[in-house]
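2 protein chains.
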Amino acid sequence: MKGAGVVTATDFLERFLAGDRLALARAISAVEDEADGYRDFLREIYGRAGKAYLVGITGPPGAGKSTLVSHLAERYAAAGRDVGVVAVDPTSPFTGGALLGDRIRMNELAGNERIFIRSMATRGGPGGLAKATGEVALTMDAFGLDLVLIETVGVGQSELDVANSADTTVVVVVPESGDAVQAMKAGLMEIADVLVVNKADREGAEQMARELRVTLELKPEDGWRPPVVMSVATEGRGVDEILEAVAVHRSHLEKSNGLTTRRRARVRRQLEELLEYEFKCVCAAAPAYENLLELLTAEVQQGLLTPYEASARLFKEVSREI
Amino acid sequence: MKGAGVVTATDFLERFLAGDRLALARAISAVEDEADGYRDFLREIYGRAGKAYLVGITGPPGAGKSTLVSHLAERYAAAGRDVGVVAVDPTSPFTGGALLGDRIRMNELAGNERIFIRSMATRGGPGGLAKATGEVALTMDAFGLDLVLIETVGVGQSELDVANSADTTVVVVVPESGDAVQAMKAGLMEIADVLVVNKADREGAEQMARELRVTLELKPEDGWRPPVVMSVATEGRGVDEILEAVAVHRSHLEKSNGLTTRRRARVRRQLEELLEYEFKCVCAAAPAYENLLELLTAEVQQGLLTPYEASARLFKEVSREI
Numbered sequence: 000m001k002g003a004g005v006v007t008a009t010d011f012l013e014r015f016l017a018g019d020r021l022a023l024a025r026a027i028s029a030v031e032d033e034a035d036g037y038r039d040f041l042r043e044i045y046g047r048a049g050k051a052y053l054v055g056i057t058g059p060p061g062a063g064k065s066t067l068v069s070h071l072a073e074r075y076a077a078a079g080r081d082v083g084v085v086a087v088d089p090t091s092p093f094t095g096g097a098l099l100g101d102r103i104r105m106n107e108l109a110g111n112e113r114i115f116i117r118s119m120a121t122r123g124g125p126g127g128l129a130k131a132t133g134e135v136a137l138t139m140d141a142f143g144l145d146l147v148l149i150e151t152v153g154v155g156q157s158e159l160d161v162a163n164s165a166d167t168t169v170v171v172v173v174p175e176s177g178d179a180v181q182a183m184k185a186g187l188m189e190i191a192d193v194l195v196v197n198k199a200d201r202e203g204a205e206q207m208a209r210e211l212r213v214t215l216e217l218k219p220e221d222g223w224r225p226p227v228v229m230s231v232a233t234e235g236r237g238v239d240e241i242l243e244a245v246a247v248h249r250s251h252l253e254k255s256n257g258l259t260t261r262r263r264a265r266v267r268r269q270l271e272e273l274l275e276y277e278f279k280c281v282c283a284a285a286p287a288y289e290n291l292l293e294l295l296t297a298e299v300q301q302g303l304l305t306p307y308e309a310s311a312r313l314f315k316e317v318s319r320e321i
Numbered sequence: 000m001k002g003a004g005v006v007t008a009t010d011f012l013e014r015f016l017a018g019d020r021l022a023l024a025r026a027i028s029a030v031e032d033e034a035d036g037y038r039d040f041l042r043e044i045y046g047r048a049g050k051a052y053l054v055g056i057t058g059p060p061g062a063g064k065s066t067l068v069s070h071l072a073e074r075y076a077a078a079g080r081d082v083g084v085v086a087v088d089p090t091s092p093f094t095g096g097a098l099l100g101d102r103i104r105m106n107e108l109a110g111n112e113r114i115f116i117r118s119m120a121t122r123g124g125p126g127g128l129a130k131a132t133g134e135v136a137l138t139m140d141a142f143g144l145d146l147v148l149i150e151t152v153g154v155g156q157s158e159l160d161v162a163n164s165a166d167t168t169v170v171v172v173v174p175e176s177g178d179a180v181q182a183m184k185a186g187l188m189e190i191a192d193v194l195v196v197n198k199a200d201r202e203g204a205e206q207m208a209r210e211l212r213v214t215l216e217l218k219p220e221d222g223w224r225p226p227v228v229m230s231v232a233t234e235g236r237g238v239d240e241i242l243e244a245v246a247v248h249r250s251h252l253e254k255s256n257g258l259t260t261r262r263r264a265r266v267r268r269q270l271e272e273l274l275e276y277e278f279k280c281v282c283a284a285a286p287a288y289e290n291l292l293e294l295l296t297a298e299v300q301q302g303l304l305t306p307y308e309a310s311a312r313l314f315k316e317v318s319r320e321i
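Here the protein sequences line up with chains H and F, keeping their order. Position one of the first sequence corresponds to residue 0 (numbering that gives the first Met the number 0), numbered consecutively onward. Position one of the second sequence corresponds to residue 0 (numbering that gives the first Met the number 0), numbered consecutively onward.
Any given hint could turn out to be false.
As the list makes no split between identical chains, a pair holds if one copy fits it or if it spans any two.
[As the list claims (entries may be wrong)] The calculated lysine to aspartate or glutamate pairs, modelled on DMTMM-like cross-linking and capped at a C-alpha distance of 25 Å, are:
(1) Lys50 / Asp145
(2) Lys50 / Glu275
(3) Lys50 / Glu73
(4) Lys254 / Glu13
(5) Lys279 / Glu253
(6) Lys315 / Glu289
(7) Lys254 / Glu175
(8) Lys50 / Asp81
(9) Lys50 / Glu243
(10) Lys50 / Glu298
(11) Lys254 / Glu316
(12) Lys254 / Glu33
(13) Lys50 / Glu205
None of these hints come from the bench; they were simulated from the model.
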């Protein structure tokens, strides 16, 4: 367990609340790794959170999300805001293994003292991706960052859940082979508050934007029709328009009470995740659990038990510990 | 709850075991929807399963997985095998919303009486994607299909887990902008038993195959080095080579006891999923749960409680019901 115990040091909380960036880095590691004392730490800082605005950036691999995120982060920073970036996209250059060009941009960003980047190195720790991402964002929020950008790849159940738990969700697509159709099928349209057609200098971009607008008109009217913004991320084109669209959506949410509703849904989901996590911890801590699981696995494989009988016995055993 | 009660009809099991395809279709719906009596049904058929071979086909959206799957299914069927196809890829034409060309191919397949296609229409039901997919594959297996092809999009945590629970996992990539790098970063290389470079008539295919081979040489030697196969799915090229590679891997697993090891890991994972599912059911059934969850959500949002205090109270309440 990396960083275990760090957050329990007596002056740690003090340093964190005083704005010590090293303390923030350590706190995030502790939270991500579920190191000793991390829950007490989160409990302590929880009251400070709630001021940051959370923006999710999602879309298929190769859509240019990371490049957009880095531009967005820079513009916000240039406007005097402190920005956190959480990359939960396994294909993001933020999470290592980047193409050379990407990595150079990332390094530039890393030199900006208003920008704090963190990639989710693991697949979310024992508590799962959504829980870990939420807690890292919370830590950045409580630290005092004004804005947290969460980059996730928009394919996959857990990843969509993460994207969907932001205050504003930006969906990025590119004008390529059936990409709009793919994105729509993958459930991206449903969660989009702002749609970005990136690589808009490519053929088919205008047509794609038109198609998306038509599709969005079919969306049930709930007071917000997601705007479609064109961008060329590599040249920084369209970045201001995206910022503007996010700002308009934010103000719409604030006026319509939508922000409260979204955040309530987020809290509810968080409670359910924590409950499940609590149960997993009880299982893992039950003395007989591991041996029984191995034994039952063997019996199921030998055809002596069905998995349903086996899991019922496992549940009974664990129940004793609760 | 769609199909509720169908599987509990007195002659249903009989018809299913007699090879009635309509009964298989109904059984799958009941399993997917967790309809009344589905667990008893699974318990009944469990002893019949274990004969089918499970092949996972995974890779990024647009890699041509569905086209390959349909060719593979046809070749197996032509060789006299009964084949099941489970599509858990939200971008797959099997799951509806397909491009026209895709849909035509699908319809052709649907006319083949040796091929049984099922897409996971929902996102996996309350029990989650992995649980539902595993149970649908089990149902096909117990019905007597020889082979089950599971198509999943290879991005996203749950989706990778699904792919990784097959006997042989085929990873499909295409020679496009950094696709190999993306795939590697997304954890696809780790789970690949067979690698396919599809759209091999495009520029860069040979180079990509070479790069993949070099990368695979770095893999720790565990007695199996994944072969890299070139294909052009739309023309059916390379399909026989993929079948051959799967057959060689299967025979390797059977000789090396690897199949038993993989299936044991699958059973173990299944038991853990069922345990978690059991817990969720207990929660949902607890009389005070929903009201308490709403109340605690509101208190957390008002800053009266931290989520950690709230979930502890929720857990205590649920514990009483266990």
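Structure-based check of all given hints:
Only within a single protomer do Lys50 and Asp145 lie at most 25 Å apart by alpha-carbon distance; the minimum there is 7 Å, versus 57 Å between protomers. Neither within a single protomer nor between protomers do Lys50 and Glu275 lie at most 25 Å apart by alpha-carbon distance, with minima of 27 Å and 34 Å respectively. Taking the closest pair of Cα atoms, Lys50 and Glu73 come within 25 Å of each other only inside a single copy of the chain (20 Å); across copies the shortest separation is 57 Å, beyond that limit. Proximity of Lys254 and Glu13 under a CA criterion of 25 Å is satisfied in neither setting, with 36 Å inside one chain copy and 60 Å between copies.
Taking the shortest alpha-carbon separations for Lys279 and Glu253, neither the intra-copy value of 37 Å nor the inter-copy value of 34 Å comes in at or below 25 Å. Taking identical chains as interchangeable, the C-alpha atoms of Lys315 and Glu289 lie at most 25 Å apart whether they share a chain (14 Å) or sit on different chains (24 Å). Taking the shortest alpha-carbon separations for Lys254 and Glu175, neither the intra-copy value of 37 Å nor the inter-copy value of 44 Å comes in at or below 25 Å. In this homomeric assembly, Lys50 and Asp81 come within 25 Å of each other (Cα to Cα) only inside a single copy, at 12 Å, whereas the closest approach across copies is 58 Å.
In the homo-oligomer, the alpha carbons of Lys50 and Glu243 lie at most 25 Å apart inside one protomer (20 Å), although the nearest pairing across protomers, at 58 Å, exceeds that limit. Taking identical chains as interchangeable, the C-alpha atoms of Lys50 and Glu298 lie at most 25 Å apart only when they sit on different chains, with a minimum of 18 Å there against 53 Å within one chain. Taking identical chains as interchangeable, the C-alpha atoms of Lys254 and Glu316 are never at most 25 Å apart, the minima being 51 Å within one chain and 37 Å between chains. In this assembly of identical chains, Lys254 and Glu33 lie within 25 Å of each other by CA distance neither inside one copy nor across copies; the values are 37 Å within and 41 Å between.
In the homo-oligomer, the alpha carbons of Lys50 and Glu205 never lie at most 25 Å apart, since the shortest distance is 37 Å inside one protomer and 52 Å across protomers.
In terms of the numbered hints stated before, the structure departs from hints 2, 4, 5, 7, 11, 12, 13, listed from lowest to highest.
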